[in-house]
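Enquirer: Same order as they appear, the protein sequences are chains Y and R. Residue numbers for the first sequence, in this note's numbering: 1 to 281. Residue numbers for the second sequence, in this note's numbering: 1 to 273.
I should point out that these hints are in silico values taken from the structure, not numbers from a laboratory. Quick reminder that beta carbons are idealized off the backbone N, C-alpha and C, glycines included. Please note that the accuracy of each hint is not assured.
As the list claims (entries may be wrong) - Simulated crosslink set (BS3-like; lysine-lysine; CA at most 27 Å straight-line):
{"id": "1", "chain 1": "Y", "residue 1": "96", "chain 2": "R", "residue 2": "82"}
{"id": "2", "chain 1": "R", "residue 1": "82", "chain 2": "Y", "residue 2": "275"}
{"id": "3", "chain 1": "Y", "residue 1": "171", "chain 2": "Y", "residue 2": "190"}
As the list claims (entries may be wrong) - Covered stretches of chain R (chain Y as the covering partner; in silico rule of three or more C-beta atoms under 8 Å from a C-beta of chain Y):
{"id": "4", "segment": "34-42"}
{"id": "5", "segment": "108-120"}
{"id": "6", "segment": "131-144"}
{"id": "7", "segment": "179-187"}
{"id": "8", "segment": "204-210"}
Said to hold, decoys possible - Coverage of chain Y stretches by chain R, computed from C-beta distances (three or more under 8 Å per stretch; other residues unrestricted):
{"id": "9", "segment": "25-33"}
{"id": "10", "segment": "46-57"}
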Amino acid sequence: MPHLKRLKQQRVMPGFGLTLGLTMLYLSLVVLIPLSALFFKTFTLSADEFWLAVSSPRVMASYRLTFGAAFIAAFFNLFTGLLLAWVLVRYEFPGKKLVDALVDLPFALPTAVAGISLTALLAGNGWIGAYLQAWDIQVAFTPAGIVIALIFIGIPFVVRTVQPVLEEAEKELEEAATCLGATPWQAFAKVILPTITPALLTGFAMAFARAIGEYGSVIFIAGNMPMVSEITSLIIIGKLEQYDIAGATAVAVVMLIGSFILLMVINLLQAWQRKRAGMKS
Amino acid sequence: MNIRRILIALALLFVFLFLVLPLAAVFTEALRKGLGAYFATLEDPDSWAAIGLSLFITAIVVPMNLLFGVCAAWAVAKHDFKGKSFLITLIDLPFSVSPVVAGLVYVLVFGANGWFGGWLLANDIKIIFAVPGMVIATVFVTLPFIARELIPLMQAQGSDEEQAAIVLGASGWQVFYRVTLPNIKWGLIYGVILCNARSMGEFGAVAVVSGHIRGQTNTMPLQVEILYNEYQSVAAFTIASLLALLALVTLLIKTFVQWRQHKAEQLLTQGLS
Chain Y
1 MPHLKRLKQQ RVMPGFGLTL GLTMLYLSLV VLIPLSALFF KTFTLSADEF
51 WLAVSSPRVM ASYRLTFGAA FIAAFFNLFT GLLLAWVLVR YEFPGKKLVD
101 ALVDLPFALP TAVAGISLTA LLAGNGWIGA YLQAWDIQVA FTPAGIVIAL
151 IFIGIPFVVR TVQPVLEEAE KELEEAATCL GATPWQAFAK VILPTITPAL
201 LTGFAMAFAR AIGEYGSVIF IAGNMPMVSE ITSLIIIGKL EQYDIAGATA
251 VAVVMLIGSF ILLMVINLLQ AWQRKRAGMK S
Chain R
1 MNIRRILIAL ALLFVFLFLV LPLAAVFTEA LRKGLGAYFA TLEDPDSWAA
51 IGLSLFITAI VVPMNLLFGV CAAWAVAKHD FKGKSFLITL IDLPFSVSPV
101 VAGLVYVLVF GANGWFGGWL LANDIKIIFA VPGMVIATVF VTLPFIAREL
151 IPLMQAQGSD EEQAAIVLGA SGWQVFYRVT LPNIKWGLIY GVILCNARSM
201 GEFGAVAVVS GHIRGQTNTM PLQVEILYNE YQSVAAFTIA SLLALLALVT
251 LLIKTFVQWR QHKAEQLLTQ GLS
């Protein structure tokens with residue numbers, strides 16, 4: 001028996017040491033060591049200096065704007081993402097393949113291109129902006145414009161997390177519910193929604209995380225007014241341009257910690273989703 | 001069936017407003033002053049320099065991350081070891097770091113006051129506000145693309161085929177080249193085109209480390225920004241239209257690759273039954 005155990009432990013597949021070593025080396029050089037520089041630089045600041053840099057009114061206003069706009073955009077995408085995923089999985093209609101491919105456009109289109117294009121559309125003389133102006137609504141160069149840009153950036157996340165779960169979901173359960181007298185709405189709310197909730201939340205959290213760090217698409221449409229429409233990423237760039245590297249680092253650390261917390265939430269949500277999927281089969 | 005019609009109409013309206021219109025606006029704005037102005041921008045030496053630099057950076061970044069992606073996927077998907085899920089989280093980490101923060105990190109390491117700043121200055125090597133910094137910042141933001149495409153694919157395929165090849169006397173390299181590579185071919189291509197698209201289009205991280213020197217450290221997205229801020233809207237949209245074309249080609253290849261993958265899976269299930 002001990003002999004067998006040893007046999008089992010021996011690796012059959014070659015190249016483990018080499019590939020794992022290269023992976024760790026590359027990750028350390030490109031990601032881990034540079035990221036640690038951020039924390040080391042922060043430790044050169046005294047607690048007061050750090051607090052001053054990350055809590056000035058202008059910086060606080062940028063957190064509220066960044067996190068607020070990102071949340072609203074991700075919340076909007078929660079519904080449109082579910083709608084798109086539902087329509088793409090359950091219905092047949094002409095142009096479905098095209099719509100499915102277009103959903104990934106925000107992943108493929110450079111953010112700067114999205115930024116200037118949305119600005120051109122929503123500015124007073126743009127295709128959409130002209131109509132809005134007739135109603136006295138201004139979107140470009142206001143926080144509302146930031147939300148629009150972040151909605152664009154976040155479109156694929158919820159669609160792509162919900163779509164596969166919806167495809168796997170057994171139609172029989174829904175049919176059984178309908179046979180037992182459930183209305184279509186009840187069948188959706190009681191049978192389908194619980195199955196896709198983890199995927200929905202995962203997509204939401206991913207879109208939220210992406211929106212917090214977004215820079216390229218936002219700066220063109222935001223107007224970038226201090227206290228009103230200045231996002232946190234732009235604060236970091238502003239501090240860098242004034243050679244306030246320590247200040248820029250302090251604000252970056254706050255953003256990074258926010259992102260890490262979200263990353264942990266996403267991992268927990270995905271574990272929940274796997275558990276759900278495991279329970280079903 | 002009315003609900004069905006309403007939902008499809010709503011979805012199409014959303015797709016039209018948020019995806020089709022922005023894409024159409026890029027090309028309309030670029031051609032606002034006709035084809036003459038369009039090609040005049042393309043013939044400008046600064047445009048050429050920006051296109052050349054974007055291609056140059058991508059030509060370095062994609063092979064590096066390809067090698068990394070294959071190594072990481074081989075280690076993670078074909079072997080069991082402690083801390084595996086932690087390693088996967090680390091590989092995904094660049095996706096949750098804001099691009100601006102990614103750029104800043106390299107300023108702290110290689111910038112004038114950074115860790116290696118003094119040494120680099122003494123040896124007259126420029127990394128920040130120069131091309132090497134832009135390359136490494138792009139490596140950072142595009143690092144996960146190929147690895148995260150390959151890991152789930154190779155995990156799903158398992159290692160039975162590779163083990164069979166080894167038992168039959170194949171060397172490690174032969175196993176990879178003859179058994180694994182044909183199996184992951186389409187996932188690999190998909191990862192490469194995603195990495196390529198992001199690398200050509202990266203803006204935030206590159207903006208921080210580039211220094212915006214015209215004709216020298218301007219990539220295509222940075223050139224778009226400069227032209228746009230100088231109110232040369234048509235010129236900005238002309239460069240942007242090239243990037244939008246690249247995005248469309250990326251989506252096209254992606255759709256093709258998924259169709260091939262789907263077909264391969266169907267063949268497999270047919271073969272089994």
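Enquirer: Test coverage of the segment 46-57 of chain Y by chain R using CB-CB distances below 8 Å; three residues minimum.
Expert: violated (count 0)
Enquirer: Cut-off 8 Å, C-beta pairs, minimum 3 residues; does the coverage of the segment 131-144 of chain R by chain Y stand?
Expert: Result for this restraint: holds, n = 4.
Enquirer: Are the Cα atoms of residue 171 of chain Y and residue 190 of chain Y separated by 27 Å or less?
Expert: Distance ~13 Å between residue 171 of chain Y and residue 190 of chain Y Cα, so the pair holds.
Enquirer: With a cut-off of 8 Å between beta carbons, are at least three residues of the segment 179-187 of chain R near chain Y?
Expert: Not satisfied, violated; 0 residues make the cut.
Enquirer: Are three or more residues of the segment 25-33 of chain Y within 8 Å, CB to CB, of chain R?
Expert: Per the Cβ count (6), the hint holds.
Enquirer: Does the segment 108-120 of chain R contain three or more residues whose Cβ lies closer than 8 Å to a Cβ of chain Y?
Expert: holds (count 6)
Enquirer: At least three residues with a C-beta closer than 8 Å to a C-beta of chain Y: is that true for the segment 34-42 of chain R?
Expert: violated (count 0)
Enquirer: Decide if the proposed pair is consistent with the structure: residue 82 of chain R and residue 275 of chain Y, CA atoms, cutoff 27 Å inclusive.
Expert: 21 Å, holds
Enquirer: Could you grab the alpha-carbon distance between residue 96 of chain Y and residue 82 of chain R and see if it respects the 27 Å cut-off?
Expert: Cα-Cα ~44 Å, so violated.
Enquirer: Using a Cβ cutoff of 8 Å, are there at least 3 residues of the segment 204-210 of chain R near chain Y, or does the coverage claim fail?
Expert: holds (count 3)
Of the numbered hints given earlier, the model fails hints 1, 4, 7, 10; all others are met.
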